[in-house]
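Residue numbers (the UniProt record's numbering), protein chains in the order written: chain A, 1 to 287; chain B, 1 to 263.
In short, the hints are calculated from the structure, not lab data. One thing to keep in mind: the hints can contain errors.
Claimed, not checked - Going by beta-carbon spacing under 8 Å, a handful of chain A positions derived as facing chain B: (1) Ala16; (2) Leu20; (3) Val35; (4) Phe102; (5) Val139; (6) Asp143; (7) Pro167; (8) Ala181; (9) Val182; (10) Leu208; (11) Thr216; (12) Tyr218; (13) Pro233; (14) Ala236; (15) Leu255.
What the hints assert, rightly or not - Taking CB as the label site, the calculated pair distances span: (16) Lys2/B with Ala243/A: 34 to 44 Å; (17) Ser48/A with Pro29/B: 41 to 51 Å; (18) Pro197/A with Tyr7/B: 27 to 37 Å; (19) Arg84/B with Leu170/A: 20 to 30 Å; (20) Ile15/B with Leu10/A: 46 to 56 Å; (21) Pro29/B with Pro138/A: 14 to 24 Å; (22) Val53/B with Leu21/A: 31 to 41 Å.
Unchecked claim - Pulled a few chain B residues facing chain A out of the computed Cβ check, cut under 7 Å: (23) Pro17; (24) Ala80; (25) Pro99; (26) Phe101; (27) Leu102; (28) Pro103; (29) Ala107; (30) Leu111; (31) Val133; (32) Ile136; (33) Val197; (34) Val234; (35) Pro237; (36) Ile241.
Ideal Cβ positions, reconstructed from N, Cα and C, are used throughout, including at glycine.
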Amino acid sequence: MKWRQTNRLLLLLLPACAFLLLAGGSLSLAFMESVRGEGGFTWAYYSSLFGRQELIDSLLYSILITLSSTFVSLAAGWLIVRSFYQYIDGNGKWMVWIPMLFPHFVWGYFVLLLLGQSGLISTFLVQTGLLEDRTLFPVLVQDQSGVGIFITYVWKEIPFVILMLLPVYLQLPKQFKEVNAVLGGSGADWFKTVEWPWVKPVMFETSLIVSAFVFTAYEVPGLLGVSYPQMTPVLAYEWFYSAAQDERTMAFTLLMFVALIFGTMALAGFALMNKRRMLLSKSSHRY
Amino acid sequence: MKKNLFYISCLIFFIIPVLLMVIKSVTTPWRSGIALDWTLRGWEVVFQDSRVVESMWTTLLIALAVALINLLAGIPIAKALSHRSFPLKNTLEVILLLPLFLPIMAAAMGLHITMIRMGLANTWLGVTIVHLVPTIPYTIKVLKAGYDRIPQDMLNQGRMLKAGTWHAFRTIELPMLIPSIRSSIFLAVTISAGQYVLTAIIGGGSVLTMPIIYYPFLQSADDTVMAAFSIAFVMIPAAAIMIAEAAAMLVAGRSFLKRMSVL
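Let the hints inform the model, and build the full structure from the sequences given.
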């Protein structure tokens, strides 16, 4: 009986293990490419990574866009869920889903069509006489500072943040609110002892997913970016398709470096949060 | 008051942009002072281009294959993570989520040479496999949450009544999982249909999905055509959901129809 039980479990785990092999294998292959020099194994590409000014500029630019868009979409998404979760759960859900239907680059194109210098808003302003000429409209898309990329990400990630946080608010045990009131707790007490502990693990996970995505996706900066500075995924993509073998290897090095940073952050964060997460997930379907 | 504020913001930020795009796709570019000129040219250009139509089929088939593999891999592990206890369970769950926090471009570039050696580069199968990397972690998350909502007692009751694994799955788990299955199909399809870089690297330009055609189309800078093409992206998840609903109805019976909520 015991043997059969264990075997059943293995059967359940098998497809997921195949997936781990795929994901882990592909990353290891990428790592092997990043340490392959002419004479065999070398760390040289890692040490030369920061010798390139274009990479430093690209990293700073990417960090700025990633931090700002992650922070704004998380804050806005959280605020929206906190204030409106009863309505989102009802008829509002399909409206929040709308941006999820479109790929990121299509939404980026929407932003370009709406906010570009020859876009709908500038045309509208010129037609109504509020603006003399469309060249006076600020360059918001395909701009040096990445405002267009920022707007696209915030717009597209807010619904994602809402969908991640919505179940948390729907599952917040109502009884705790009564307990808090009976014990004479204030709104701040409720937030500190009930709301935040429930929200924190999901907030952490969501912020990691969003920031890792923004930092590593090619599509939006490839469409809305300028030629200098470029976000790191665009740089990595160009290096990967460059004719020079060195540049190709640098693409792998750069991506592995990014993977290492985000991987460490994720693992450390989950290790710190695991116990609490477990307690929460154990209790969540009892209410 | 609060309710109206929510609906108005949704209208401004989510519905109006899409409506503007729909209008844009059936009008000529807006020149000062003149009223809108209606035209079907944008949609004609998109649908008369045989490459676009072909790319829609390719995108849809790859997305459906990705969604199917996602369910086949996701349902068993979600059940194990939710209703079994075994050593290193939490660690396994974190590791399975990890691909969401890593650059998927690295996975595609790493697989590239192996795919060439195995003859999978430039094929739809290779593209399908690489699309699993960003989708399966979401599916596992969604389905695990779905299994968490099924009380263990209910599964025990099935076992007490001597239901076999398949029978119990079909009559207890599947009906209760349907909202989660629906959202994981939706997620897998929209993520797969929106991949440019993974498809470009592994497909090498010979697997033509919609994103691969969309980027060169951008150069044409014809707003009417681009707007039509952009709206056309909605057809992929819509078609996929309808096909999945029909397939699920065959497996799960009519109970599928009764549960129409999305999450």
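Cross-check of the supplied hints:
no. : hint                              : in the structure
1   : Ala16                             : holds, 4 Å
2   : Leu20                             : holds, 7 Å
3   : Val35                             : violated, 12 Å
4   : Phe102                            : holds, 6 Å
5   : Val139                            : violated, 17 Å
6   : Asp143                            : violated, 17 Å
7   : Pro167                            : holds, 7 Å
8   : Ala181                            : violated, 21 Å
9   : Val182                            : violated, 26 Å
10  : Leu208                            : holds, 5 Å
11  : Thr216                            : holds, 4 Å
12  : Tyr218                            : holds, 4 Å
13  : Pro233                            : holds, 6 Å
14  : Ala236                            : holds, 6 Å
15  : Leu255                            : holds, 4 Å
16  : Lys2/B with Ala243/A: 34 to 44 Å  : violated, 59 Å
17  : Ser48/A with Pro29/B: 41 to 51 Å  : holds, 48 Å
18  : Pro197/A with Tyr7/B: 27 to 37 Å  : holds, 31 Å
19  : Arg84/B with Leu170/A: 20 to 30 Å : holds, 26 Å
20  : Ile15/B with Leu10/A: 46 to 56 Å  : holds, 48 Å
21  : Pro29/B with Pro138/A: 14 to 24 Å : holds, 21 Å
22  : Val53/B with Leu21/A: 31 to 41 Å  : holds, 36 Å
23  : Pro17                             : holds, 5 Å
24  : Ala80                             : holds, 4 Å
25  : Pro99                             : holds, 5 Å
26  : Phe101                            : holds, 4 Å
27  : Leu102                            : holds, 5 Å
28  : Pro103                            : holds, 4 Å
29  : Ala107                            : holds, 4 Å
30  : Leu111                            : holds, 4 Å
31  : Val133                            : holds, 5 Å
32  : Ile136                            : holds, 5 Å
33  : Val197                            : holds, 4 Å
34  : Val234                            : holds, 5 Å
35  : Pro237                            : holds, 6 Å
36  : Ile241                            : violated, 10 Å
Hint check: violations occur at hints 3, 5, 6, 8, 9, 16, 36; the rest are consistent with the structure.
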